[in-house]
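So you can see what is in the structure, the chains are spelled out below.
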Amino acid sequence: MHELSLAENILQQIEDAAQTQQFHRVKTVWLEIGELACVEQESLRFFFAVVTEDSIARQAKLEITGIAGQAVCNDCHRTLLITALYQACPHCGSYALQITQGDEMRIRELEVE
Amino acid sequence: MCTTCGCGVGQTRINGKTVQSQQRTDASLRFRPLQSGHVHSHEHVPSSVANPQTPGTIDFGVGIAGTHAPGMSQTRMVKIERDILAKNNQYADENRQYLAERGIFALNLVSSPGSGKTTLLVKTIEMLRDRFPIAVIEGDQQTDHDAARIRATGVPALQINTGKGCHLDAHMIGQALQQLPLQQNSLLFIENVGNLVCPSGFDLGEAHKVVILSVTEGEDKPLKYPDMFHAADLMLLNKCDLLPYLTFDVNQAIAYAQRIHPGLPVMQISATKGSGMQEWIDWIMAGCHRAAAISHTAQALDSRFG
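Protein chains in written order, with the working numbering: chain A, 2 to 114; chain B, 63 to 368.
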């Protein structure tokens, strides 16, 4: 359910940008969502359509780029790809992993007019 | 309330009073596809093709091409490059600064419903109220039962009702901070909505998130709901007095939590019987002294150089 809050936050930033950058319609929104971020993409798409219904981003296309989860093992110091927080290092079996990428949720750019 | 899914931010209440929206007041009503709130012009979308009753429809065959000549499109790209939660994080930073200036040590208590957060708070307040001024912000979807339980201990409590919302956000906390009688060098507890998922991503400006897991739940909860255990700085294993009657494996639960969050400190407590509570109280007191010392140092520097 917090995808509703995320969608509201996206719309707020779009509206802030509309004032400073002088545009009146948003056609496409590009997001970067990490695989380890606590976001359900389908839910976010649903709520984005709901909250933008009466806004300058009405019917805007949502393009979501996934970012792979990456971590460094604190024991064997190797970099590895992970898809969940509970995974162990495939090289040494340690759970002491430091996430270096994949928990981000960013608005990258907008196509506007 | 949104007619599509029943969601809505208009139901957030603090002590029963409607919360001022963080949206600009001149903005249209975004969650209600009603004509009264529909101030934007959509004449460039032919109504015969784009049906306003189907918000999920994305039709690229209409729009600018209907009113603009080919090659004359005003379309351009705008770089944003910001975190989706940048607004929340900005409010959280303001809260954190407000708390730091006053030497207030703030803890955000998170757990699933029924883990014993409010009972733990009541016991903690009883043990600490003679040493520090304490205030509490209670978050629940509905009712002010929890705030009433806290007020019965004699400390001020503010109830935030999130309506259909599933977590507290930094903007709600910012408003609550203005309404609470907070004292210098005090202790603030924020009891989040009982939910082991959504509150994990929302920074409120607290010093630490403290996750509470009770032994009447499954020991694999840290694996099932990893984000919260990843975000927390301390885990309290509550209701440990019930262990003789349960099959809960304490070591396994702690191992799972530390698999998600290596090095996560864990305290085994029973809020009702009092076991382990002194360790928790000592941890809070150390934090309070730290917050007060930092605020004191900042003030001394201000008076010297300000």
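Since the hints were made in silico from the structure, they are not lab data. Hints should not be assumed to be uniformly reliable.
Said to hold, decoys possible - Taking lysine-lysine pairs in the DSS-like style, the calculated list, with each CA pair at most 30 angstroms apart, reads:
hint, chain 1, residue 1, chain 2, residue 2
1, B, Lys286, B, Lys226
2, A, Lys62, B, Lys149
3, B, Lys79, A, Lys62
4, B, Lys149, B, Lys335
5, B, Lys286, B, Lys79
6, B, Lys141, B, Lys79
7, A, Lys28, A, Lys62
8, B, Lys149, A, Lys28
9, A, Lys28, B, Lys141
10, B, Lys335, B, Lys286
11, B, Lys335, A, Lys62
12, B, Lys226, B, Lys149
Query - Holds or violated: Lys141 (chain B) to Lys79 (chain B), with C-alpha atoms at most 30 angstroms apart - result: violated, 39 angstroms
Query raised in the report: Does Lys335 (chain B) pair with Lys62 (chain A) here, judged by a C-alpha cut-off of 30 angstroms?
Result: Roughly 56 angstroms between the alpha carbons, so the hint for Lys335 (chain B) and Lys62 (chain A) is violated.
Requested in this report: Could you grab the alpha-carbon distance between Lys149 (chain B) and Lys28 (chain A) and see if it respects the 30 angstroms cut-off?
Outcome: holds, 22 angstroms
Query raised in the report: Is the straight-line distance between the alpha-carbon of Lys28 (chain A) and that of Lys62 (chain A) 30 angstroms or less?
Result: Given that 30 angstroms is the threshold and the Cα spacing comes to 6 angstroms, the pair holds.
Report task. Mind checking the alpha carbons of Lys149 (chain B) and Lys335 (chain B) for me, to see if they're no more than 30 angstroms apart? Result -> violated, 42 angstroms
Query - Hinted pair Lys335 (chain B) and Lys286 (chain B), Cα distance within 30 angstroms - result: It holds: about 28 angstroms lies between the C-alpha atoms, which stays within 30 angstroms.
Query raised in the report: Does the alpha-carbon distance linking Lys226 (chain B) and Lys149 (chain B) stay inside the 30 angstroms limit?
Result: holds, 21 angstroms
**Report entry** 30 angstroms limit on alpha-carbon distance, applied to hinted pair Lys62 (chain A) and Lys149 (chain B)
**Finding:** holds, 22 angstroms
Query raised in the report: Taken at face value, is the distance from the CA of Lys141 (chain B) to the CA of Lys28 (chain A) at most 30 angstroms?
Result: holds, 14 angstroms
Query raised in the report: Straight-line Cα separation of Lys79 (chain B) and Lys62 (chain A) no greater than 30 angstroms?
Result: Given that 30 angstroms is the threshold and the Cα spacing comes to 37 angstroms, the pair is violated.
**Report entry** 30 angstroms Cα cutoff - pair Lys286 (chain B), Lys226 (chain B)
**Finding:** holds, 23 angstroms
Query raised in the report: Holds or violated: Lys286 (chain B) with Lys79 (chain B), Cα cutoff 30 angstroms?
Result: Outside the cut-off at roughly 36 angstroms; violated.
Hints 3, 4, 5, 6, 11 from the list above are not met by this structure, while the remaining hints are.
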